[in-house]
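Assemble chain B onto chain A, guided by the hints.
Protein chains: 2
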Amino acid sequence: MIYDDMENRITKLFGIEHPIVAGGMVWCSGWRLAAAVSNAGGLGLLGAGSMHPEVLREHIQKCKAATDKPFGVNFPLMYPEPEAVLQILAEEGVKIVFTSAGSPKKYTGWLHDHGMKVAHVVSSSLFAQKCEAAGVDAVVAEGFEAGGHNGREETTTMCLVPAVRRATSLPLLAAGGIASGRAMLAARALGAEGVQIGTRFALTQESSASEAYKQLGLSLQEGDTRLLLHKLAPTRLAKSTFKSKVEEMEAAGASADELRAFLGKGRAKLGIFEGNLEEGELEIGQVASQLNGRPIQTVAEVMNELLAEYSEALGELD
Amino acid sequence: MIYDDMENRITKLFGIEHPIVAGGMVWCSGWRLAAAVSNAGGLGLLGAGSMHPEVLREHIQKCKAATDKPFGVNFPLMYPEPEAVLQILAEEGVKIVFTSAGSPKKYTGWLHDHGMKVAHVVSSSLFAQKCEAAGVDAVVAEGFEAGGHNGREETTTMCLVPAVRRATSLPLLAAGGIASGRAMLAARALGAEGVQIGTRFALTQESSASEAYKQLGLSLQEGDTRLLLHKLAPTRLAKSTFKSKVEEMEAAGASADELRAFLGKGRAKLGIFEGNLEEGELEIGQVASQLNGRPIQTVAEVMNELLAEYSEALGELD
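Going line by line, the protein sequences match chains A and B. Note that this note's numbering has the first sequence beginning at -15, numbered continuously upward. Note that this note's numbering has the second sequence beginning at -15, numbered continuously upward.
Worth flagging that the hints you see were computed from the coordinates, not collected in a lab. Incorrect hints may have been included.
Which copy is meant is left open, because identical chains are indistinguishable; a pair holds if it fits in one copy or across any two.
DSSO-like, lysine-lysine: derived pairs with alpha carbons at most 27 Å apart [unchecked claim]:
| hint | residue 1 | residue 2 |
| --- | --- | --- |
| 1 | K223 | K114 |
| 2 | K253 | K114 |
| 3 | K114 | K89 |
| 4 | K229 | K253 |
| 5 | K215 | K229 |
| 6 | K53 | K114 |
| 7 | K101 | K48 |
| 8 | K198 | K101 |
Note that the coordinates shown come from a computational prediction; the quantities given were computed from them, not determined experimentally.
Same shape as in the complex, but just chain A (with noise of 0.2 Å):
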């Protein structure tokens, strides 16, 4: 139905029907948000970045029998034990890997070895023509305003998505800024054949991440998420007490070593999956506060409102 007008190359590559990706988020992305995003006629995707390998595994069984349809496991390639991780993969048969953090060099010869096609997130265009270079299948071009782990250089979904789509003629995915049919629509209009989308699912009912998260997620204003932790890893982070101090230190000049002894480990689960608003470290877009006020919807319902907006913007158009 959607992009039906258009020759899609990312529809084709992963065998879905819409191309719309649920990115595989830290705690949120576990086989009933992946299952449900796959039965909905998008791609889901396991976030493996918040699993030890054997749960991982787990996730991806459930998610086999819950959804006939193809469905992905995001790898953050700097993963502790990447090795039992790919071992999973292949055993369980995993036909789609995402890949992020770290060099699209490393592991897409053998993931295609494996038989998985392989896409891989990148905030700059110099890092899309290192994919196309290593043999990636598609990228995920993913601009400033996306929630969590996020490019150094700031670079904003308006202005990566046209540069990504002139560096390389590789299928494009649009990430960051993105919760609408409309933005989707935007998305198109600079050269993505697809999006993937974040925020707006981690919110849902099927995502794994705590109530509490996903309450506040729905009552976020602009302004209320920031690009932090510049000197460890650029991460956007929504409003906590944890928040504002992390804010506190850099504008006082804190250092990495500073910074990293403060944030300790755990911070994302303390905060994402056990719903601690305080002191926990909530990952979220900046794009959440057009969803303020919303109820928490199921997955169906964010899928059809995607499709439905699309299609009116669109329309509009002509």
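Frame of chain A, contents of chain B only:
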């Protein structure tokens, strides 16, 4: 031709052919640039921010002599002698004023009483609502990627435009990250009825910026601009010795007073107008890297490209 297929409140409001406004940029937007944009069917603005009142009067008079099309003046409300500017705007019969950097309540009534249309530049939907309450005629939603002075909330064009569209019913221009017909179409998909373009026009032959600034602007890579001076007024700057020093100071926790002392006076003139690429303040948008390698074009060439590219991108959606 462009946007002919939609009811366009922007073109009607300003009496122009295409809903493309050239931002009134300090040290770039003199009468040559403003008149050229207006003669090409857009709306040229004079940048009062870098003009003494009597210099502004001279530019208004020269602009009137150079075009019989509508043009306007950008008037930053933090201007040191606002009353002198207001008097000149009235005496010279200026019909269109874009205000920024201050409260729209302050002068909108006065400007209306003197026969002027008023647009106001905002970086949040809250301020857009204040504009509507103040009786402003149109609003410019300018995102994080824009050059020069910027909002504190760091909301990108992709996130800001839909938010402002929802928050007010005012005619809406999108700004920040727009240097192509594709981005103009994306802005329209997001709900804007036109665009304000800065960087692309700052780098034309008719811009009063120095040749050195233009050459630098056309040689930037992704990541070569950064939003800095957070503790004063956040400003997007291109790479220079000055920028590197500000980055170092901010990373080390420099105070507003320390930054102000280092900034001193006249840095923007030194950089943009006099072409000192080391010590000058080089205000420019993130989108500059998309123009890398281009020649210094005329305004007419830029307008023709924008319109052709917009039509082509729109055609691809059919």
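Do the hints match the structure? See the list:
1. In the homo-oligomer, the alpha carbons of K223 and K114 lie at most 27 Å apart only across protomers (24 Å), although the nearest pairing inside one protomer, at 35 Å, exceeds that limit.
2. Neither within a single protomer nor between protomers do K253 and K114 lie at most 27 Å apart by alpha-carbon distance, with minima of 32 Å and 39 Å respectively.
3. Taking the shortest Cα distances, K114 and K89 sit within 27 Å of each other inside one copy (8 Å), while across copies they are farther apart (51 Å).
4. Taking the shortest alpha-carbon separations for K229 and K253, only the intra-copy value of 18 Å comes in at or below 27 Å, while the best inter-copy value is 37 Å.
5. Taking the shortest Cα distances, K215 and K229 sit within 27 Å of each other both inside one copy (15 Å) and across copies (17 Å).
6. Proximity of K53 to K114 under the C-alpha cut-off of 27 Å is found in neither arrangement, the shortest distances being 30 Å within a copy and 48 Å between copies.
7. For a Cα distance limit of 27 Å, the shortest separation of K101 from K48 inside one copy, 17 Å, qualifies, whereas the shortest one across copies, 61 Å, does not.
8. Taking CA atoms no more than 27 Å apart as the test, K198 paired with K101 passes in neither setting, with 31 Å inside one copy and 43 Å between copies.
The structure shown violates the earlier hints numbered 2, 6 and 8.
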